[in-house]
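Colleague: So the chains spell out like this:
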Amino acid sequence: MTAHRLPLTEILTGLGLLAAPFVLPPLGFAPNTVNQILVWGLFGIGFDILFGYTGLLSFGQSAFFGTGGFVAAYILTNDIVSSVPLALLIGMVAATIVGVLVGMIALRRTGIYFAMITVAIAEMFFFVENSPLSHWTGGENGIPGVPTPRFEIGQWSLSIGTGWPMYWFLAVIYFLGIVIALRIVRSPVGAVLVAIRDNPVRAAAVGHAVGLYKLTAFVIASAYAGLAGGLLGVLQGFMPPDAFTFDTSGQLVMQTAIGGTGTLFGPLVGATVWLFLRDFLQSALNLGSAWKLVLGLIFVLLICFLRRGLIGGLKDLWTLSRHRQVLEEPPEEAPPPAATDAAPLPAHHGLEAPSSGPILTARGLTKRYGGLLANSDIDFTVNSGALHGIIGPNGAGKTTFFRMLTCEVPPTSGTITFAGRDITGMSMTNVCQLGLTKSYQVNQLFSRLTVRENLRIAALADLRGKFRLDLFRNPARIPGLTEQVDRTLALVGLTRRADTPVSALAYGEKRRLEIGLALATSPGLLLLDEPLAGMSPRERVETVQLLKSIRQGRTMIVIDHDMDALFELAERITVLQEGRVLAEGTPAEIKNNAQVREAYLGGVVEA
Amino acid sequence: MTARTKGTALKSRRNFLRQAAIAGIGLTAGSRVSSVWAKDEPPIGTWPAGSQGNSVFIGITVPRTGTYAVQGEDELKGYQLAVEHINAGHPLIKAISTKTTKGVLGKEVKFGVADSEAKPNVAVQAQSRFITENKAVLITGSTSSAVAVALNKLAQREHVLYAAGISGSNDTTGKDCVRYGVRQCFYGQTAAAAIGPITVKTFGQNKKAAYLTPDYTYGHTVTKSMQDYLKTAGWTTATNQVAPLGAPDYSSFLLNIANSGADVLLNVNWGHDAVLSTQQAKQFGIFDKMKLVVPYQTPFLAREVGGDLMAGVYAATDFWWTLQDKYPLAKMFVEEFEKKYGYKPEWGANNGYMEFALWADAVERAGTFYPPSVIKVYEDGHKIQSTVGEVYFRKEDHQLVRPVIIVRGKKAADMKNKEDFYDVVEVVPGEPLMQKPDAFGCKLGDYT
Amino acid sequence: MNWSNLVAQMFNGLVLGALLALISSGLTIIYGTLGVLNLAHGAMFMIGGYAGYLAFEATGSYPIAVVAGAALVMVLGILIERVIVRHFYGRPAEDQILVTFGLGIVFVELVRLGFGSLSRSVPPPSWAQGVTSLGFTVYPTYRLVVVGIVAVALLILYLVLYRTRLGMIVRAGIEDSVMVDSLGINVYRVFMVVFGIGAMAAGFAGIVNAPVASLTPDVGESIMIETFVVVVIGGVGSFPGAILGGLIAGQILSLTSIVDPGYSYVMLFAAMTIVLLVRPRGLLGSRSRD
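Chains as they are written, first to last, in this note's numbering: chain A, 93 to 699; chain B, 40 to 487; chain C, 78 to 367.
Pulled out of the complex, with its shape left as it was, chain A reads as follows (with noise of 0.2 Å):
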């Protein structure tokens, strides 16, 4: 965490490839295998940062690995630019270009129906480049004579043949590509591209664009595709159109996933395996046709038992034998109460919320389910302040109502007004942005980081807003940051936790940090969704403690079932029922409400 890290990956890398021309030709590494293997590794490092950091897999990363091949082989070979590096950078932006229009398809859906549309919209590519623009792309024959890199510098001139020589000036090339992908992955973009990958509802839920930065990872895969593409020209001397078909971009995703995903070296470690296999099946065991199969059931295998490739293979056994010293610390215990010790974590949205009078006020709010009605005509009012609290039975369409206050559904009708804005149909990030989210009532976390990453991802929603590109920055450097996460830490809890991954921590630890995923983002109006649900009677008093701490500064409306608790906490309470309103007060009034009682409280309160 400290600024002054050593670049140890980096240095390894470039080490690494140093090293690569003097350890593996002995191996049987031919040095256009090599070549090969940079490439793709290259080609990779973009699909990874789309497929292992964000999620979003992709089956059609030949469309831009052929762009940018094509463009750049084409500008080349007809004289147009005569700078082999600026024809590949030419590429490399056509590539870019042609990844926006594309993602702004393709990203309207996610998960499989993604992948379905990354295929079909990358066989569309290849039919264009093989038919209607063959006159330019030579179509089947590809483009052949595409000259190596000559560099004149003074009267030097340098210029750059096959073999070992080009190897130097791929692995330059490289090089700068990981390091640069390196900073992107622990740049705040890189943070939030992994949230997505985890829970993309609440990388938008504590307001960060997700779609923006979908796009934005899809974009960089296709200037990496791009660069990789006019490279592969380059190396072969000649433009193959085979960069263009289905094969090439499953060749592509099965490397990453032999390699591991998520680790951008992954795509290197997977071309290495599949080319040196794919020449040593069939050289070596003359297996013949069959080499396909062998490495297909290699594939398989990999897929079932070894689910984040060898790269992740080797990491889970690292931590594995790191694991079985962390065991015999003894474990940890519950938590002493929050807040205490922690310093007050302001609410410091922008907006003018006013001191006093109403922060949220929602009119006629009414859901519809097809025909089922959830809300009904719901007026309700908060003021700035206060903590209001909603009760009401199983099914009386509290969650509903809350979905709709955070506008992650829109109301059928019915308008909500936040800080003296009408918020009414706003989306989630947007409105988070402005100073209000939730907590949700099954756990929404980012599970596969560990607590710290996750309050993370939420603070820099607040401190950098819902998009930014700032692809290069440090998030230490980024002010308030690590002060705001600590103090959230210490709010909900967890410091000790801090570095435990989600998947590790106990129930009681998950919820807390649950609010503290919607604290994080520094709301000035703070939802709760029964925050105290599925608690022991000890976790319930420490998260009372909890809310009761953080609600200096802020407004919160806290749902639960826990009436004793609500009782004590809140100043106002919203009786809900069958989606009305069936009575508002103080926990006084609610609790002599005789309608209240009736219907609902029983004799329960008396007790």
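Just so you know, the hints here were simulated from the structure itself, not pulled from any lab data.
Note that CB positions come from ideal geometry on N, CA and C, so glycine has one too.
Among these hints, one or two may not hold up.
[To be verified] Here are some of the chain C residues that sit facing chain A, going by a computed Cβ distance under 8 Å:
#1 I161
#2 I182
#3 E186
#4 Y342
Start from chain A and add chains B and C according to the hints.
Modeller: Leaving out everything else, chains B and C in the frame of chain A:
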């Protein structure tokens, strides 16, 4: 490792030093082989490293998976038989390459095979490996012009000889020709020029033709060549259906053809595309209305389409096994091949065999593996006996001047054995079929 | 413009579309129910063809070949589900895609190992050979039979999905998988059956199509990509969507060939892009699965 480093691209000593500086220590032994080369045969490509031992290496890339795998495996069998014969000093090889004793210049021939998947990129990568790792003195293999053109360019860049495998495009020895590449087989231009007159003779003047063209360079050039020729006999094009490579179904194309009113269908498709489109044309009853002509026959076509489908169909091809009645070398080849593989060879295998035989001849006559010398022998116009009679390479574009074989499909009832699919109608002499050497824009490039 | 050719092409589009619809409905019900995109679907199509070919070689009977092809692929589908896919329900969708993609390659190469690359043909049954005159064009009799067979198969699939308890569960699962879980139904058995049926749809199409297009190990790949387009156009997870998408794709492939056959496939993908821009969920897609 250092011996593997190539310095071919080094333009000057100064560049050499600059590069060495970049390359670290990798290049120091560039002069280690200096004692070997003679003054007039400086190191080039894999010379002399590739021929210093007791054996020489040939890199073979053919598709063994994917659409062209059938043709790839067939071609490979021809290569393997040829290597066997060369190393054993078999009489058939000796009849073609008259100076051969055993091996090539006394060296045993070894080879490596890599699956090109019919992809140029994979083929180039595999051949690059054979060149650097195995010091291949010859690279070969292709079942499509895309791979042939790509390997042409690789050969020229690496200064290693390339004998094209199956490649029907005019470009291979036309605009994409290279000094280091040679082609044995027939191609679009000669196929069209050979089958054109027979088509006109059979079906008459002023007919309407429908074309089924695969959408890539080979397809377009063959169709163009046919159209140009048939126009001279007053033929018109009723429709030209351009189908993508590997189309799973041809019905919509065939309907257009069926409804085009054409008299003759020229199916230019290749590989499995040819098989499938021909079978489906039959399904659509197209052959009730029009006759089929195959300008560029695919190995195993008749076998794969099955039935009586090819009966009466004219096709241009490179070799058919019944040529054994005409040429003693063909007879020897067919017998040898059948003995080893258990069936009659198709033209892909013959092509593979002949490529190696012609290469062995060139090297033997050059007396050296030094590529420029071997190329000059290829270019000397020397007449060589082949399985289709006397042939020679054309100096200007490295295309073998060889006859094109016109065959006509037999009815099932007339077949003497299960592989007796065709009658050889005519062996059309090659020279008059060929375009002027510069007509397709061939510029061979440098020897060194 | 040749009107009879236009009508002929529209008819042909219907034939092409019917087959695509059948294959796509297999893909889509698997996805809709299990949430798994089966990238080995093309391989199922191919294996159905080869299984039928083997059965035909052994018996010489077309009906036996069709039944054997479909049954074998169903069994294979169930095996795949039990042995491999089952372990992926708890894993990210991407892992499922990857593993089925790998399986697809393994199947293709296994068949290549066993049968070689030389294409294999299954002749149409003797009563369906030759051509039939439809007035506007002559058309291969067997292809007419294929439309009939496919229509019947789709009808059966429809009945299974809309008139049986299994179908009710499947459709409920497409709407809301959580609900099905809470009904106390053994979802895993349903999943297994659905995977089998989905694979069988592809395998059945594969053997029915074998007399139309001779078999090679690679026959499934291009079909699968067309299937994706169909499913995306129609709406992923939607059975009616798969049929509509198939028919539309058939018309596009057929009709564009009148104008310029070189652009048929480009047009197919362009149509998909337009649908995505206008209706991202596909023409008949529901919002439940995403």
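Colleague: Could you tell me which of the numbered hints above are not met by this structure, giving the numbers in increasing order?
Modeller: none
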